[in-house]
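**Q** One-letter residues, chain by chain:
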Amino acid sequence: MQQSHKPQTPILDVRDLAISYETRYGDVPAVRDVSFDIQRGEAHSIVGESGCGKSTVAFGIVNFLGRNGRIVNGQILFQGQDLVGRSPEELRQVRGDRIAMVYQDPMQALNPSMRIGDQMAEVLVVHRMMPRARALDYCVTMLKRVQMPDPENVIRRYPHQLSGGQQQRVVIGMALLNDPALLIMDEPTTALDVTVEATVLDLISTLQREFDTAIMYISHNLGVVARVSSKVAVMYAGEIVERAAVSDVYLSPYHPYTQGLMRCVPRLGQSKRESFLYPIRGRVPSPKNLPPGCIFEPRCDYARDLCRQRRPELRPIKLGHWGRCHFAEEIVQMGWQPPEDFVAQYTAERSVDAAARPLLKVTHAQTFYPVASQKLIGGKKQFVRAVDDVSIEVRKGETLGIVGESGCGKSTLVKTIVGMEKPTSGDFEFMGFDIAMPVSKRKLELIQELQMVFQNPDSTLNPSFSVGYQIGRPLRRFQTVPRGQVEGEVMRLLDMMKLGGRYYNRLPRQLSGGEKQRVGIARAIAGRPEVVLCDEPVSALDVSVQAAVLNLLLEIQKEIDTTMIFIAHDLSVVRFFCDNIAVMYLGQIAEIGPAEAIYAPPYHPYTEALLSAVPIPDPRAEQKHIRLEGAVPSALNPPSGCRFHTRCPRKIGKICETETPPWRDAGNGHRIFCHIPLAELRQMDPVVTVRPGNRLGRQHA
Amino acid sequence: MLVKDYMTRHPLMAAPDMSLVEAQRFMGQNNIRHLPVVGDGKRLLGLVTRQSLLIDPGRLGSLNVWEIAGVLSGLKVKDVMIKAPNVITVSQDITIEEAARVMVERRIGCLPVVQDDVLVGIITEVDLLAHLMEMMATRHPGIRVTVRMPDVRGELAKLVAAIAAQGWGILACGGVAAPKAAGKWDAAVLKMRDVTREEVIAALSQVEGHEIIDIRDA
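Just so you know, the sequences run in chain order A and B.
Anchor point for the first sequence: position 682 equals 681 in numbering that gives the first Met the number 0, and the numbering is continuous, going up by one each time.
Anchor point for the second sequence: position 201 equals 200 in numbering that gives the first Met the number 0, and the numbering is continuous, going up by one each time.
One should not assume that every hint holds.
DSSO-like, lysine-lysine: derived pairs with alpha carbons at most 30 Å apart [claimed, not checked]: (1) A:K5 x B:K82; (2) B:K3 x B:K190; (3) B:K75 x A:K5; (4) B:K157 x B:K179; (5) B:K179 x A:K143; (6) B:K179 x A:K5; (7) A:K360 x A:K421; (8) A:K380 x A:K414; (9) B:K77 x A:K5; (10) A:K5 x B:K157.
The following label-pair restraints were derived from C-beta to C-beta distances [to be verified]: (11) A:L90 x B:I54: 27 to 37 Å; (12) B:A201 x A:R626: 52 to 62 Å; (13) A:R208 x B:A201: 36 to 46 Å; (14) B:I214 x A:E312: 28 to 38 Å; (15) B:N85 x A:R208: 56 to 66 Å; (16) B:N85 x A:L90: 44 to 54 Å; (17) A:E312 x B:R24: 25 to 35 Å; (18) A:Q160 x B:D39: 25 to 35 Å; (19) A:E621 x B:E104: 48 to 58 Å.
The hints are simulated quantities; they were obtained by calculation from the structure and are not laboratory data.
Keep in mind that this is a model prediction, so the values were computed, not measured.
All C-beta atoms, glycine included, are put in the ideal place defined by N, C-alpha and C.
The task is simple: from the sequences and hints, build the whole structure.
**A** So this is what it looks like as structure tokens:
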């Protein structure tokens with residue numbers, strides 16, 4: 000309120016910026032015609048899918064374009080002074096210590112061989128010639144301001160001794176040491192768990208107010224953007240297609256691309272039974288080969304002749320809302336209807352026979368990893384209790400989701416089921432067979448029935464074999480089809496993946512991330528397995544691709560009635576995709592039950608905290624504010640009693656520390672592992688409430 | 000109400016090697032009257048004001064037109080700025096009235112705010128006037144009344160009690176020794192909302208020895 004008389008010069012004013020990379024094949028225009036401004040103390044986000052040029056814009060501002068990148072047009076005014084076309088020395092003087100940047104991976108920003116205090120103090124000692132002792136003092140103060148627990152101790156540690164969230168706090172604190180006017184954050188929370196992400200996002204908002212620092216926040220996650228910023232620019236293929244206040248962009252987007260993005264993210268609380276994801280058809284055009292008219296025209300449902308001929312300008316559509324579309328006003332009026340064939344394809348209801356015998360039954364499973372003793376002689380062998388007493392059942396045709404923070408044992412559980420890890424104890428029963436053995440000892444038929452889709456398609460496809468050969472390999476190995484029909488079957492699978500026969504001879508490097516993941520899925524289902532175990536199959540993918548891959552998995556499941564176990568850290572995706580959900584914490588299941596029951600009270604306190612941390616791409620959603628303290632304790636020596644008691648905001652007393660909690664049965668297969676009586680758990684308020692209002696493009700057909 | 004709450008953080012600043020021509024244009028374009036000059040690590044080196052840009056004609060008197068152009072284009076910010084030891088600065092932890100005192104006594108319009116020689120902000124007369132506005136709740140409509148009372152302890156309390164008895168709240172309040180009446184004190188402004196002028200007059204005239212010398216809607 001007292002800001003009005005302050006100077007009106009924006010902290011950052013980017014005008015008509017164009018950046019190209021020189022390559023062997025000529026200049027690649029990575030960013031074109033980008034204009035936006037950030038006022039003092041404002042948080043401005045840039046969202047877009049990978050390769051849309053958002054990081055290039057940031058690198059252009061800090062002049063990190065590398066050897067082959069250069070600014071070909073436009074101005075970057077930082078506090079009124081142009082940064083383009085200056086010598087490095089002039090740049091250093093203009094920019095001084097007034098722009099700081101925080102990157103995605105904190106471990107790469109920190110020097111692994113220096114103590115935290117030393118590397119933080121270095122900034123002050125070198126830049127400000129502060130005496131070392133004073134600099135260290137100052138660093139402790141700064142660490143306190145970024146809410147680092149026990150800062151006096153932290154400055155003596157090395158980066159690897161801190162958790163991911165703490166490392167990112169150190170990096171943010173370091174960036175703020177020089178009190179920058181502009182802080183550029185490039186996906187700062189993408190590598191963090193939801194619970195940690197939530198605390199870091201809270202911290203960013205607090206610091207922004209306290210330091211009056213303008214923030215340019217780059218992210219692909221629409222939910223995160225809604226939480227941290229007031230304005231957002233949506234980038235597509237190197238251009239800004241829409242720019243406005245966050246609530247305007249989320250509730251009434253004008254550009255067809257933004258509308259498409261909103262339709263392909265599952266909202267928290269929606270399931271596959273009542274809603275669909277609508278992927279955007281086609282793919283992002285390569286910057287070398289742009290369409291002559293509107294860059295989004297080839298993928299747009301509203302494209303007309305004018306769109307093919309003339310490139311639209313970024314124009315004001317209403318006060319404070321810019322869009323790059325010839326027909327923005329009309330499009331919003333028209334509303335959006337999903338393509339008809341699309342609806343027919345996905346509405347058919349699948350039913351799961353609840354009374355059927357479970358296909359896969361795991362009881363009291365334990366998987367421990369031995370760790371060498373710290374002692375030199377005669378030490379007792381220690382174990383990382385990665386999975387400790389887990390019981391799950393999966394019926395035919397059902398999808399079980401497993402969620403939890405990293406290190407909670409979800410991947411180990413799945414790997415044990417598939418046979419990549421040897422179980423320590425417990426019963427593993429699959430179709431009546433005992434599978435408590437590593438994969439090398441299993442019969443071929445068993446291996447065929449249990450297949451896996453991995454998170455990172457890059458590292459699971461052999462780079463030197465063609466796609467067709469790799470999909471054909473399980474067919475030959477398991478003899479699913481006679482030898483002569485292998486090629487035909489691969490073609491059929493490629494069609495099913497919506498890739499088509501022309502992909503047969505391609506190598507993995509010739510595919511995009513989404514396509515690689517489709518090949519991974521094709522390979523997993525080639526042997527027609529009963530159960531497919533998916534370990535974070537979509538977390539490495541962009542949202543529009545993610546929607547397509549999720550739809551594909553649903554379709555496959557419907558067609559060949561596969562049973563799935565689905566691991567993901569994105570709770571909206573899990574809620575959308577799964578029938579049942581198990582929430583894991585530190586090797587144990589905290590809560591298990593039907594998906595809709597998990598997302599409504601009664602909650603396990605851990606589930607409640609997870610849900611309150613999920614960033615929701617809807618500015619009207621109100622979430623309870625629950626933040627977990629500290630990191631997940633070590634599985635080497637898990638806490639006694641209830642393992643969650645060290646971080647539980649609802650801890651009821653001594654009993655949580657000493658006694659293993661009982662299973663509380665909330666009916667309908669919904670069980671909660673907690674000391675708090677069920678009646679009390681039922682009285683919790685729902686974590687997420689959405690104020691009523693129309694939701695553009697979310698209508699059901 | 001300390002300087003750090005009212006100063007402008009991250010002010011526009013210049014490097015010492017910026018040409019004077021550019022500095023002049025920069026100040027004009029961004030509509031600022033004071034330009035702090037900083038070196039590495041944002042250490043304050045000097046201050047350019049509009050006065051610094053007025054070049055002494057005597058300095059150019061002996062030159063012809065062409066030489067003048069040459070001299071002007073060669074001038075840099077560091078040639079005309081007030082150099083650091085002579086720039087009056089304040090710390091961000093002093094009160095805002097203390098900053099005002101410094102500005103009034105030194106007859107200057109701007110104070111760079113520094114911490115360990117590093118520029119952290121700037122506070123100008125406009126910031127102080129904005130602060131005055133806020134203190135007087137200028138943005139909130141209400142009845143603004145000036146009451147003159149004896150300069151005796153407990154008199155203000157009587158006035159406040161009279162207002163409290165009506166159940167009204169006070170938006171803003173300030174007092175000053177009456178400029179032209181010795182021994183009197185002006186409870187300069189009492190601002191109240193959701194009341195009428197008549198109600199205020201009726202209520203305050205009850206207080207003995209107090210005189211309403213000004214009342215208006217503001």
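**Q** All the hints need checking, so say for each whether the structure fits it.
**A** Structure-based check of each hint:
1. Our distance criterion of 30 Å between C-alpha atoms is met by A:K5 and B:K82, whose separation comes to about 25 Å.
2. The straight-line distance between the Cα atoms of B:K3 and B:K190 is roughly 27 Å, inside the 30 Å bound, and the hint therefore holds.
3. As the CA atoms of B:K75 and A:K5 are separated by approximately 27 Å, the hinted pair is consistent with the 30 Å bound.
4. For the hint linking B:K157 to B:K179, the alpha-carbon distance of about 23 Å falls within 30 Å, and the restraint holds.
5. A hinted pair counts as satisfied when its Cα atoms are at most 30 Å apart, and B:K179 with A:K143 does not qualify at roughly 53 Å.
6. Between B:K179 and A:K5, the direct Cα distance comes to roughly 36 Å. Violation of the 30 Å bound is thereby established for this hinted pair.
7. For the hint linking A:K360 to A:K421, the alpha-carbon distance of about 17 Å falls within 30 Å, and the restraint holds.
8. A threshold of 30 Å between alpha carbons decides the hint, and for A:K380 with A:K414 the separation of about 23 Å falls inside it, so the pair holds.
9. Restraint check for B:K77 and A:K5: the C-alpha separation of about 26 Å stays at or below 30 Å, so the hint holds.
10. Restraint check for A:K5 and B:K157: the C-alpha separation of about 39 Å exceeds 30 Å, so the hint is violated.
11. Between A:L90 and B:I54 the C-beta distance comes to about 29 Å, which sits within the given range of 27 to 37 Å.
12. At roughly 54 Å, the beta carbons of B:A201 and A:R626 sit within the given window of 52 to 62 Å.
13. Under the hint 36 to 46 Å, the C-beta atoms of A:R208 and B:A201, about 44 Å apart, fit the expected range.
14. Distance hint check: the CB atoms of B:I214 and A:E312 are about 56 Å apart, inconsistent with the given range 28 to 38 Å.
15. For the pair B:N85 and A:R208, the beta carbons lie near 35 Å from each other, so the given range of 56 to 66 Å is not met.
16. As the Cβ distance of B:N85 to A:L90 is approximately 30 Å, the hint placing it in 44 to 54 Å is violated.
17. A hinted range of 25 to 35 Å for the beta carbons of A:E312 and B:R24 is consistent with their spacing of about 29 Å.
18. Judged by the Cβ atoms, the range 25 to 35 Å given for A:Q160 and B:D39 holds: they are separated by roughly 33 Å.
19. For A:E621 paired with B:E104, a C-beta distance near 52 Å keeps the hint of 48 to 58 Å intact.
Going through the hint list in order, the structure does not satisfy hints 5, 6, 10, 14, 15 and 16.
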